[in-house]
Structures are given as C-alpha cells and as structure tokens.
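If you read the sequences in order, they're chains P and S.
What the first sequence shows, in my numbering, is residues 1 to 290, in sequence order.
What the second sequence shows, in my numbering, is residues 1 to 390, in sequence order.
Keep in mind that the hints were calculated from the coordinates and are not lab data.
Be a bit skeptical, because a hint or two may be false.
Not the full set, but computed from the structure, chain P residues with beta-carbon under 10 Å of chain S [unchecked claim]: (1) Ser-138; (2) Leu-252; (3) Arg-262.
Lysine-lysine pairs mimicking DSSO-like chemistry, simulated, CA-CA at most 30 Å apart [unchecked claim]: (4) S:Lys-174 x S:Lys-208; (5) P:Lys-54 x S:Lys-378; (6) S:Lys-386 x S:Lys-349; (7) S:Lys-61 x S:Lys-346; (8) S:Lys-379 x P:Lys-54.
Being a predicted model, the structure only gives us computed values, none of them experimental.
Cβ atoms here follow ideal geometry from the backbone N, Cα and C, with glycine treated the same way.
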Amino acid sequence: MFLQTLVTGLSIGGIYALMAVGYSLIFSVLSFSNFAHGAVIMLGAYIGLALATKLHLGLGLVAAGSVVGAGILSVCNERVAYAALRRRRAPSLYLMISAMGCSVFLENMVYATIGSRFYAFPEFFGRRVVSVGGSTLSLLDLFAFAVSIGAILALHLFITRTKMGIAIRAGVNDMTMCSLMGVNTDRLIAVVFFLAGAFAGVAGVFLGIRYFVYPTMGWVTNKAYIAAVIGGLGSLPGALIGGLVLGVLETLVSTYVSSVLRDVFSFTMLIALLIWLPNGLMGHETEDKV
Amino acid sequence: MNKRMRYVRPMFAFACLFAFLFSGGPAMAADAVRIGHTVSLTGGASMWGQSEANAVDMLVKKFNAAGGILGRPIEIVRYDNRADAVESVNVASRLAGDKVIAVIGPAQSGNSIATAPVLERAQIPMIVTTATNPYVTIDQRTEKVRPYAFRPCFIDPFQGTVAARFAVDRLNAKKAAVLYDVGSDYGQWLSKYFDDAFTARGGQVVAKEAFRSEELDYRAQLGKIKELAPDVLFIPTSQKEAALAAKQARDLGIAAVLLGTDNWGSPDLIDLGGEAVNGSYFVNLADLDDPDIREFVAEYRTEFGSDPVLPNPIMAQDALIMIVEAAKAAGSVEGPKLAEALANLKGIKVTSGTLTVDPADHNPLNKPAVIQKVDVAKKAFVFVEKYQGE
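Okay, chain S solo, but in the shape it has when bound (with noise of 0.2 Å):
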C-alpha cells in the first residue's frame, strides 16, 4: 500500500463520522416547540445579528422559566445565513425540514424577500425583525399580502418619509442628493421613497447617484454631487458604506449635512466613519434612552456586560413575543392557524412598546421612528426627537 494511503483512509472514515455527527440537526427536547432562527452570525451584520442571538436566547429562558407555549417548552433552532439571499434560502429549506413551528428573521429586506416564498411553502410564519422594505409582506407580483409574513417594525416609506420631513423642517433643506447601493432593495427604495416625500414638500432631488455592492469607492458620484451644491446627503446604506461615504464626501469638500437610515444604526459607524461622520443624523427605528426599553436595556447589560446592538435585538424579541402570543391566542401552533392569529394580534406587549398588527398589510401600526445625531466627541447616538407612525 502506498504510504499516503495509510493516512488517507482514516482520515476519511474521521471526516464520515463528523460529517455523519453533524448531519442530523441539533439535537431537541422530549416534546418543545421548536422556533427557527436565521440570523447573521457572521459576515457583514454579524454585530446586530449575534446581539440579536442573545436578546432571543434571553427572553426564551424566560418564557421557559414560565411554561413556555402552551405548556411545551421553547427551543430555537438557530442558523447562520451571513446576511447572505442564497444562504438565507437554503437556511429557510433546512428549518422547513426541521419541522419549526414559525421562523424569527431574517434581518434584511432582500434576504426577507428571498425566504418568504419558501417558508410560505412549507405554511411557517415568518417574523421578520428589521426587514422595512415594503415587499417583504405584500408579493410583489401580485400585490396581495404574504399569508405567512410578519414583521414587528416600521416600513421604508415611512422612514423615508420621516428622513425627508426631518430634512424639510429641521434642517431647512432645499435641494438634496442620495447616495445609494443599487445592489440593495433596501437601498433602490428607500432612496425612492424618500424622493417622493422631499419632493411632495417642496424640495428638489438633484441628484441620484448608485453604487453596486461591495464597491468601496464613491468619489466619482460623490465628486457630480459635489458640483450640484445640496444642502442634505442621503446615504441609506448600512454603517460600513455610510462611513466610507462620509470620509470620501468630507476629502472632496462636500459640506452637505448627511442623512441616514435605520442601518447606520452600530457602534462601529463611528469607530469607522471619524470625524467624517461627526453631527450627521439617521432614522432608528429604537433608542437607547427611549424610556420604554430601559428595562431590557438593563437586563441586557447585567447578562452580557455590553450594550445590545440595536435595533435588531429588540426586533427579534418582539417577533418571539408575537409567536408566543399568537399561539396563545391560536390554542395551536399549527401553520395556518398560528398566521391566522399573527394577523389579528392586537395590543400586545411587546420589548418595544405594544402592538398591533394590521390584517391588511401584516405591518404593526403607529410605529414609532426616533432621529438620532452622532456625536463622535461623546461616542453616542444622541437622541434628537421621535415621530409617531402615521
């Protein structure tokens, strides 16, 4: 025999009996109900998506402390879909097979959009957590609602509408420019949307300019929006395109006050932006010091001595907590049945507040969008004022 072949061969019966260890799926409890999450544990939104992974797996200790649902106990099933539309379809398929009762995330739109029809296949609710963009709940095809699509927090529209409205009335913004990934559904509309809401108040877009994912590069657009004078920039991109955004539109000597989205919303825009993005704002969708989550705030802290990175953790707690009451609600968590009563949840407390769920649309109503400004001296998202969903 060959001298490699004596290595190869239990090296291959080792890596059978791992592949054959890890093939059957976490192991699960005499009779819980299973919930699956898909989540990003690594790649881009790592840092929203593994403080997310704690909130849930906190509040699940709770509801377990207290009977979990309908006397059985809860068990996440938990995969990693790296922020990532393929993973995101194949995490999807793999909870579908692991029989979960209703799925939390994904986290953004296009991965959201990407799993809807897979889950809506295998009847499982969907609550996605972050997820804004319209089409997320409604087929875009057909402009029906998703039966099993959910989703605890505002919608692009809205937050479009609110940057907009902030730029009009506070920043006193006539002319504005938008900077945006042309790779993102979130990106594509909510530069859209915030179009139309600047322009419905009377003031002028006068420039649109795209960027395709991954590119790191903006200083060619950025140098024709620098001729054209705005008074806003309108970055809706996540933290890491934001900062490079601001140091290059700050190198080319664009003054325009930057605006942003829910996504600019970590702790690393400033470590990445500096100085670059110094009194900018964004539209959040919670805030730290919004007295209505000090509590979790302060549980959150006690158990994994950080901050949480919101707003995901809170999202992904109050997808959880619909689960748990719509199955309440239900007396079943069967598929049809558990969607039926998301659908007509109302007024239930929730992390963030309370919350209903709008029949038509699967949207909550009347949720609130905070502005925050950064402020780099202080290392903080201050907060700057909050609107009431419309």
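If we strip away everything but chain P, and leave its shape as in the complex, we get (with noise of 0.2 Å):
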C-alpha cells in the first residue's frame, strides 16, 4: 500500500513539475507571476487534440506540434500583452494582473468558438499497467513521468551549458546590464516564453491524456503554481521538487489521514513551510514577490 502510494504520488508530482516550470521561468526572468500559464497549458492541449483526432498522428507528432504551437502561442501571448508594459517599466504586478486577464479572454474565447464539451484523447497506451513489488502503474504515468524528469533535466542542461543559456541567466541576474552587454533582450525573452511554452505544450498533452480537455483544465496549474512556491518561484530545481513532494504530500494525506481533509492538511504544511522558508525549499532572497 505504501508503495502504492508513493509511485501515485510521484506520476502526479511529475505532472505538477512539469507545469511548475513554466511559472518558474517566466517568474526568474521578468519577476511576475504568468497565470496565463494554465490558458497556454490548455490550448496546447486543444491544439494536440486536433492534432491527433483530426490528422490522426501518432503521440510522437503530437507532442511534438502542441510543444511547437504552445510555445509560439507564448510568444505570441507576451508580444501583445506584457511587451509595452514591460518596455514602459510597468511594476510586476501590472504584468500579473495582464496575465490574469489573458487566461481569462483565453479561457471564454475557446468557450465561445469550440465550446463547452470535455473530449478524451485517444487511448495511446491503452490500459497497458505496469507491475513493481505488488504496485501498479499504468504504462502512460511512467511514460509521463520519464519525459517530465526528462526535460527538466534538457532545459537545465541548456540553461547551464549553452550561450543562450548564459544570456538567459545573465537576464535573470540583470535585465539592463545584459542589455548593455549587447544582448539583444526582446530575443532574450521571447526564447524564455517560448521554452515556458513548449513546456506548457508537453504537460497539456499529458493533462489531456490522463484527464481531458476542456476550457478550465488549466485551473489545475493552481496546485503546479503552489509547487513553484515550494520549491522557489524561479529555481528550476526547486520546481522539480516541489512537484514532486506536494503530489507525494498530497497522495499520503489523502491514504494515511482523509480524503476529505487533505487539501487541510497539505495547505496547512504549505503556510506551516513558508513560515519556515519564506522563498521556498530552494528559493533565493527576494523581496517582491507577487
């Protein structure tokens, strides 16, 4: 049972990582929490949806186009409505308040033109389950789990290894001093909302497969944006862990003490943690963070 347990927690934790990424590298360059995060997470999913009911591809190719479209879309999503708020030095919180607008025209516009209606993938894996030590575990969660781990492992090598990643880490440090340097910033962050975006891209084609898809499902990213706090908004590892340990938290309160007290018991050792480490398990000091 106990092993039960944890493997559950983990594959959940895993998704939760996954969409904790986005909100912590959005949140390390320009400071502000992306909440349009989730309406990105949605419509790649839409977008790997029709990807794979209308054209009929394979997950491969539907992954690949919803990382692809997901993250233009980001791009997209920043050009138009953080880029002049940004430009005229607009405090971050206008940018989250931004951001929260966007998720919402995004959410009712899907509502008005494709509508209401929850769809299911098709079943890529089929009810395929995977056995370890009396556990089990269906072949899609360990799936998910390894691409998850996967490219948090990608990005952070890339954040670490490449120039462009310097750039970015050079940005995270000081936007105007990088550009200073002649680092061209606009590019700079526009890789950064792509790379959210991409990522927004895997974990609704996930969500999408181990759920549905429909206009909300990105209110989901509450729990990955909680995750991010955990661990550190704007630390890439702390994101991982933080996914990780509130999907565990969560899976071991909801087995060992209740069901119906869990999200009581693990927002309570939220508070209780940020009490305790104000920035997260990985956090560094900030002072404004929103």
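Two chains, each in its own frame: build the complex with the hints.
Okay, here's the thing in structure tokens:
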C-alpha cells in the first residue's frame, strides 16, 4: 500500500513539476507570476487533440506539434500583452494582472468558439499497466514521469551549458546590465517564453491524455503554482522538487489521513513551510514576489 | 485631444448603446404568459441543458398552436445558469423581475436548493427538472415542505435504494465502496442513501472516499479502495468524474463492478471513459427504449436530427405540462393559486407517463427508475430492468 501511494504520488507530482517549470522560468526572468500559463497549457492540449483526432498522428508528432504550437502562442502572448508594459517599466504587479486578463480571455474564447464540451484523447497506451512489487502503475504514468524529468533535465542543461542559456541567466541577474552588454533582451525574453510555452505544450498533452481536454483545464495549474512556490519561485530544480513533494504529500495525506481533509492538511503544511522558509525550498532571497 | 481618445469616445458610446439594447430583457408578445427557464446552456452540464431547451421549445410550439395557457400564448424567458449555484441565484432574481408565472429548472440539486428561497419570496412556483435531492422540496431547517418547489423526477433515497438493491440482488455484492464528490449535495446525500440501503440489505460498505469538486485525480482514494477489494464501486457523480474514476480504477487494477446514478446518463460517458466504463451499470430516470417515451423521441429526432440527451428534456417537458395543467385547474396564473393547484395534480398525462404530486412533500408518486448497462462496443446504454416506485 505504501509503495502504491508513493508511486501514485510521484506520477501526480511529475505533472505538477512539468507545469511548475513554466511559472518558475518566467518568474526568474521577469519577476512576475504568469497566470496565463494555465491557459497556454489548455491551448496546447487542444492543439494536441486536434492533431490526434483530426490528423490521426502518433503520440510523438502530437507532442511535437503541441510543443511548437504552445511555444508560439506563449511568445505571441508576451508580445501582445506584456511587451508594452515591460518596455514602459510597469511594476510586475501590473504584468500579473495583465496575465490574469489573458487567462480569462483565452478561456472564454475557447468557450465561445470550440464550446464547453469535454474531449478525451485517443488511448495511446491502451490500458496497459506495469507491476512493481505489488503496486500497479499505468504505462502512461511511467512515460509521463520519464518525459517530465527528462525535459526538466534538458532544460537545466540548456540553461547551464549553452550561450543562450548563459544570456538567460545573466538576464535573471540583471536585465539592464545584460542589454548594455549587447544582449538582445527582446529575443532573450522571446526564447524564455517559447521554452515556457513548450513545457506547457507537453504538460497539456499529458493532462489531456491523463484527464480530459476542456476550457477550464488550466485551473489545475493552481496546484502547479503552489508547487513552484514550495520549491522557490524562479528556481528550476525547486520546481521539480516542489512538484514531487506536493504530489507525494497530497497522496499520503489522502491515503493515511482522509481524502476529505487532504487539502486542509497539505495547505496547512504549505503555510507552515513558507513561515519557516519564506523563499521556498530552493529559492533565493528576493523582495517582491507577487 | 490625445490621439487615442478619439477612438475611446465612440467605443464608449457603442458600449453604452449595447448595454442599453440588451438591458431591457427579451421583448415580449402583447399578453403572453411568461414562463421562466433556468438551464445550463454552457458549463459542464450544457449537453443536457441544450437538449432540454430544445424539448421545451418544441412543446411550447405545440401548446401555443392549441391555444396556450387560458387562451394566452406561452413565452419562455430563458437564462443560462452555467450549472453554477451563484449564477442560478442571479438568474432566479432576474426571472422574478421579469414577472414570470412559474420557473422550469434548475436541473442540479445544489443549484435548486440555492434557487428555492429566492423564488419562494417572489411567490413563483419552481418545477426543477432532474434535481433529485429530498431537500429541494423540503426546507432542511424546518423540515417543512417548501410551498413553491415541485419536481417531476424521483428522489435520491429512492435512487440510492434502487442502486443498493440492484447491487445486492443482481450483482450478489457483499462489499461495496463509494467514491463521491464532497462538494456536491447530490453526491454527499446519494452516498449516504446508498450506504443505508446497502447495509440494511446485509451488505457492508468498506470505504467511503471523497474528492473535491473540479478535482481530476482520484488515484489516492482509489488506491485505498483497492486494498479493501470491494465487489462494487458506487460512484454517484456526473459522467465526467465517473469516466475519470473508471479509467483510474482500472489502471490501478480494481476489478469491482462500477455502479452509477442518473447523472451518468450522457452519451459522452462512453467517449470519455472508453473501455474502462464498459459493463458498468447505472440508475436512470428514463430510457430511450422505454415504450412510454417512444413518441417523444421520434418527434425530437425529426425536429433536431439527433437523439435527446436524457433525462432532462423529458423532465423539462413534464415540468411545463405540470404548469399548464395546474393553470388550467386553478383558472389563474397567480403564484399562490398556481402553487396550490400544482400540489394537487392527480393522474395527469406527462411525457414520461402519468404523474400525481404528493401534496405532503411535493414529490411525484410512483416514479419508476431504470437500470442501464454501458455497452462500449455498441456505443449505447442497454436497458437492464425497471423498478417501480414504492
């Protein structure tokens, strides 16, 4: 029973982590919480769904299409809604409000055009399950977990080992100085949003397969945002750890304490953790986190 | 003047014009009788809501051709409640302001319970369509019947009993587990009624696990249920949660027979749940193959080119017929007289069969329930058996 709980918790946490990365990435560069991230995940899921059901593509191409599509949408979102605010040095609170507006706008646009129906992805993995020491795990979860961890590692390598990655890290430190040193900050920010969008695309496809595709599916990112906060907003390893911690904690509480009291327990722990470590598990000292 | 301002003003003027045009509410015919309809045209229950709106419009046309209510044409005033409690209360207030004589809907128990006091204050009778919770027509605080709340559908204790009886008698279940939505009146009460009835028949409910509304992952709860190896898993939720729970239960290797309630009865249960929901059973208010409703189904198909999404369209038609019959009996459309006539309806012919209202609790007497089996290969709900009300 304990092993099953742990396995389930990790697989839920893997998806939280995947979504949390998007929040952390953008927060690290622009110091605001991009609440439109959930909507981009939702749109990524719809793109994947269209590729899978209309064009009957395989999982690889569906995921690739969704990654590129959501990435481009995320960049457009930044260009339309945040770029002007950013250039005029608006406080990050305003960027966050603009992001909330985008999220509501995108959700309602989907309601108005595609409708409120729920859709399910075709079953790429069938109902195949893997047994590990008496506990069962679906092939989908195993795959999703591996891809989540793999993608986060790849992103980590990109940020630490490439020239663009170094530019991003420099931007995180000091955007003004960075631009004085000849870095094209608009391009740098576009790359960051593309990466966040790409992660949203992967997350959207996995969420769509695991659950359903519908206009408000992005709300599940509330949990991912909390995971990002637990890990320390702006920190990539933090997002991973935060996601896994939250997933496992929730599952443990609902198994051993009570499923009804699950959120009471997990959120009490969240508040306690933040009192003890205000910047999350891996966060740096910062002043204005909105 | 600032360049931007040049555009702002005309836009503002347009916005005002629009606000003005749409604020007056729907235009009405000379001396039409207005009946309110609070229904989920968007949101999670929109499939039923839209079909319900179609069925009501279809019947209104017929009534109007035959002279309407007391010689006046019927006009439906319809607002979308998005299957949301706050929105339902707003809609109820708007309908009261629109001077409707009665209201059809809402369809969900929680939303109906929220709506009831608003319409009661305005003395407007409300006939909910598929809200099966007992406390829709009974005030939970005073345990007295609400004078302005009625319904054409059976109630949850009956539905819970039918489910438990079927589990014990037909599925030979000894151990049952329940997975329900703690944020929904519907789920909370049904799990209690099922528990009571199943235990009374000698069964044992080994686990009652809950999740919060809008939550998507039940594996933690299901993992616990798996350890207790129940024979049946009762899931009193809507089709969306049921499909998810079924998939996740099968992923975890739970072999129990899945048993559901009338909210499962949507065609997309099969689209969403796939193989995982195959062979599950659920209680429903009506069946497409029920001979009593054959005529209605045929008529709906000709008019809209698709099957009605049961049971809401039928229950909404029943509600409309109840209003028309009550007005006829009362010879008036005033709230108090109409409510009194509604409470004393006897043996009237409705779409689902015949209907008699029990004046003591405003529930219909002897409503039947059907058990359906999910057949994924045929993409259909197969009729299993019919229980007559007690």
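Against the structure, the hints come out as follows:
no. : hint                  : in the structure
1   : Ser-138               : holds, 4 Å
2   : Leu-252               : holds, 8 Å
3   : Arg-262               : holds, 8 Å
4   : S:Lys-174 x S:Lys-208 : holds, 15 Å
5   : P:Lys-54 x S:Lys-378  : holds, 23 Å
6   : S:Lys-386 x S:Lys-349 : holds, 20 Å
7   : S:Lys-61 x S:Lys-346  : holds, 25 Å
8   : S:Lys-379 x P:Lys-54  : holds, 20 Å
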